[in-house]
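Undergrad: We have chain A; now place chain B onto it with these hints.
What follows is each chain in one-letter form.
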Amino acid sequence: MRGSFAGIEMNIWLDGLIRVLLIVGVMTVVVMGLIYIERKVLARFQMRLGPTRTGPVGLLQSVADALKLVAKEDFRPAKADPWVFEFAPYFVFVPIFLMFVAIPFTLGWQIRVLDLGLFYLLAVSSVNIVGWVMAGWSSDNRYAMLGALRAVAQAISYELPLVMSVIAVAMVANSLNLNEIVRDQAVVPNIVWQPLPFFIFFVAMLAELNRPPFDISVGESEMVGGPYVEYSGIRWSMFFLAEYAAMFILSLLVAAVFLGGGAWPFGEELGPLWQLLLTAIKASLVMFVIFWVRATVPRLRIDQLMSFSWKVLLPVAFAQIVVNGLILVYEMPNAATNVLLALTSGAGVVFVGWVINRNINRPRPRPVLLNRAAVAAAAGARSEAAR
Amino acid sequence: MIGILKSMSVTMSTFLRKPVTREYPEMHRELPERDRAFPILLWAAEDNEPFCTGCHACERACPVECMTVLMKDNPNHKSVGGESSRRKIIDKFWIDYARCMRCNICVEVCNFDAIAMNNTWGGHEKSVYDRADLVMDLPQLLSQSRSGELKPWVAP
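For the protein sequence lines, the chains are A and B, in the order given. Take the first sequence: its position 165, counted from the start at 1, is 159 in the numbering used here, and no numbers get skipped. Quick note: to get the numbering used here, add 125 to the position in the second sequence (first position is 1).
Treat the hints with caution; some may be incorrect.
[What the hints assert, rightly or not] Listed below are the simulated BS3-like cross-link pairs for lysine-lysine, each with C-alpha atoms no more than 30 Å apart in a straight line:
| # | chain 1 | residue 1 | chain 2 | residue 2 |
| --- | --- | --- | --- | --- |
| 1 | B | K143 | B | K197 |
| 2 | B | K276 | B | K251 |
| 3 | A | K305 | B | K131 |
| 4 | B | K203 | B | K213 |
| 5 | A | K34 | B | K131 |
| 6 | B | K203 | A | K34 |
| 7 | B | K131 | B | K217 |
| 8 | B | K197 | B | K213 |
| 9 | B | K217 | B | K203 |
[Unchecked claim] Chain A stretches covered by chain B per the calculated footprint, using a threshold of three residues with CB under 8 Å from any CB of chain B:
| # | region |
| --- | --- |
| 10 | 29 to 41 |
| 11 | 239 to 253 |
It is worth saying that the hints were derived from the structure and are not from the lab. Glycine included, each C-beta is placed from N, C-alpha and C at the ideal position.
Here chain A stands alone, though its shape is the one from the complex (with noise of 0.2 Å):
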């Protein structure tokens, strides 16, 4: 068999392993740029400077934080099951890799083009909930056996008003080729047609990276780290590096399915070079978001977050389902459908901002430690019962 790379003729599995190099080594690169952006970014909304001692302007803060990963000890608990304990950074960090076969960077280049793009990312996505369950459940730790648990119940409560909500906007794309999606968008993005799935998918794919404010199957103050309380090392760093692959993989996804890639706002003339760097940019933008949410919003409950999850953005995810496949079986004129679209789900967004407004300003019932009426009256009646 033969397969081509960027025009060039050549046998199939050294085709496949230029891939594969490309994705480990460009998903490295991006992952060490992103730890030290992000910890820029931070510092600068807490009014700080962030890394700035390692290389010119703390440019090589990453490569002095991975070269310490290396160098540390290998650690393994003595009671933990060593081949599950050993294998589990693996299945987190495989599924992430895998889901960078199908991100269309620019229109029709990609890793692979799959007809099923969107499908079989989010089926890849979600495979690696189970190396937080072997983590968990081998480190021989209560903290980790708690935090895997609440990852899983928070990774499964997420998966579906994520799934759901790009199901929206396939509904509208036609298709689940992402390489369809993005170039259906040349003209005007999805966001404008489908907030609703936007914040939806933008809050559903927060909980799914274990981002703040979702942070609560790994966050320190509560969980020590949940999961990975037992890593060290270089297990540590591939759980780490892959939950920066998945932000950077799922901020391009939202790029491409929401924003427009590289199609919108120049369409397909455009070389592939300013279409690589118009995607970039605006995953670049989602990742600030997602910076900036994690600078202000606190951390939620495990109460809260099965709620907002099963109770607002599962149902109104379905809502717009249906509510999209009732205005598209119409056929109308395509501006009409495109009105009505971005309508309901602009309505829809309203929505939910009530709800979750209403539940933020909620007053809280107080615990009532004593009843003072009925002691008041208890006394009483001693009293009369004195006299």
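TA: Coordinates of chain B only, in the frame set by chain A:
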């Protein structure tokens, strides 16, 4: 939701502000004139000798006994043909900066305004590898005042 958006705008405003961090070893904040580092001796430029007459007032007042003072007859006094009006002058002076607790008492008891608290960054950045290096002798104690590094300060 409105609250979340408000807080997002607050964090954005902090993002756009200038960081408050000062990168200390490269960048020194200006110290106030009455900043209180370790005590040093002052140099009387007009007589070209220290103000200190070695009267032991500071040594006696020092609560942690970090000072050692030795006095001598001033070789530059008018009675022996010099110009100075100081009959006695400091011979040797040691302050153990490792003991000093920067209480300012020596400055307050000095009858000749001959000792002052260092108000330069040089008075703070005194780290050494050996405690013995923190015992300052007379030339070291006088050098900052003599070279004019010390900022003139107003007594409270």
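Undergrad: Hey, K197 (chain B) versus K213 (chain B), does the alpha-carbon distance stay inside 30 Å?
TA: holds, 6 Å
Undergrad: Between K305 (chain A) and K131 (chain B), is the straight-line Cα distance small enough, at 30 Å or below?
TA: Distance ~24 Å between K305 (chain A) and K131 (chain B) Cα, so the pair holds.
Undergrad: Hinted pair, alpha-carbon criterion (30 Å max): K276 (chain B), K251 (chain B). Please report holds or violated.
TA: This hinted pair holds, its Cα atoms lying about 18 Å apart.
Undergrad: Just to be careful, I want the Cα atoms of K217 (chain B) and K203 (chain B) compared with a cutoff of 30 Å; is the pair within it?
TA: The hint holds at about 22 Å.
Undergrad: With the threshold set at 30 Å, check whether the alpha-carbon distance from K203 (chain B) to K34 (chain A) stays at or below it.
TA: Distance of about 68 Å is beyond 30 Å: violated.
Undergrad: Taking a Cβ-to-Cβ distance below 8 Å as contact, does the region 29 to 41 of chain A have at least three residues touching chain B?
TA: As far as the region 29 to 41 of chain A goes, the hint holds, because 6 residues have Cβ atoms under 8 Å from chain B.
Undergrad: Take a quick look at whether K143 (chain B) and K197 (chain B) sit within 30 Å of each other, Cα to Cα.
TA: violated, 57 Å
Undergrad: So is the region 239 to 253 of chain A in contact with chain B by the C-beta rule, three or more residues under 8 Å, or is the coverage claim wrong?
TA: Coverage by chain B is violated here, the residue count being 0 at a Cβ distance below 8 Å.
Undergrad: Starting from K131 (chain B), check that the Cα of K217 (chain B) is at most 30 Å away, please.
TA: violated, 66 Å
Undergrad: Starting from K34 (chain A), check that the Cα of K131 (chain B) is at most 30 Å away, please.
TA: Since the Cα atoms of K34 (chain A) and K131 (chain B) sit roughly 23 Å apart, the hinted pair holds (cutoff 30 Å).
Undergrad: Just to be careful, I want the Cα atoms of K203 (chain B) and K213 (chain B) compared with a cutoff of 30 Å; is the pair within it?
TA: Given that 30 Å is the threshold and the Cα spacing comes to 11 Å, the pair holds.
Hint compliance for this structure: hints 1, 6, 7 and 11 are not met, and every other hint is.
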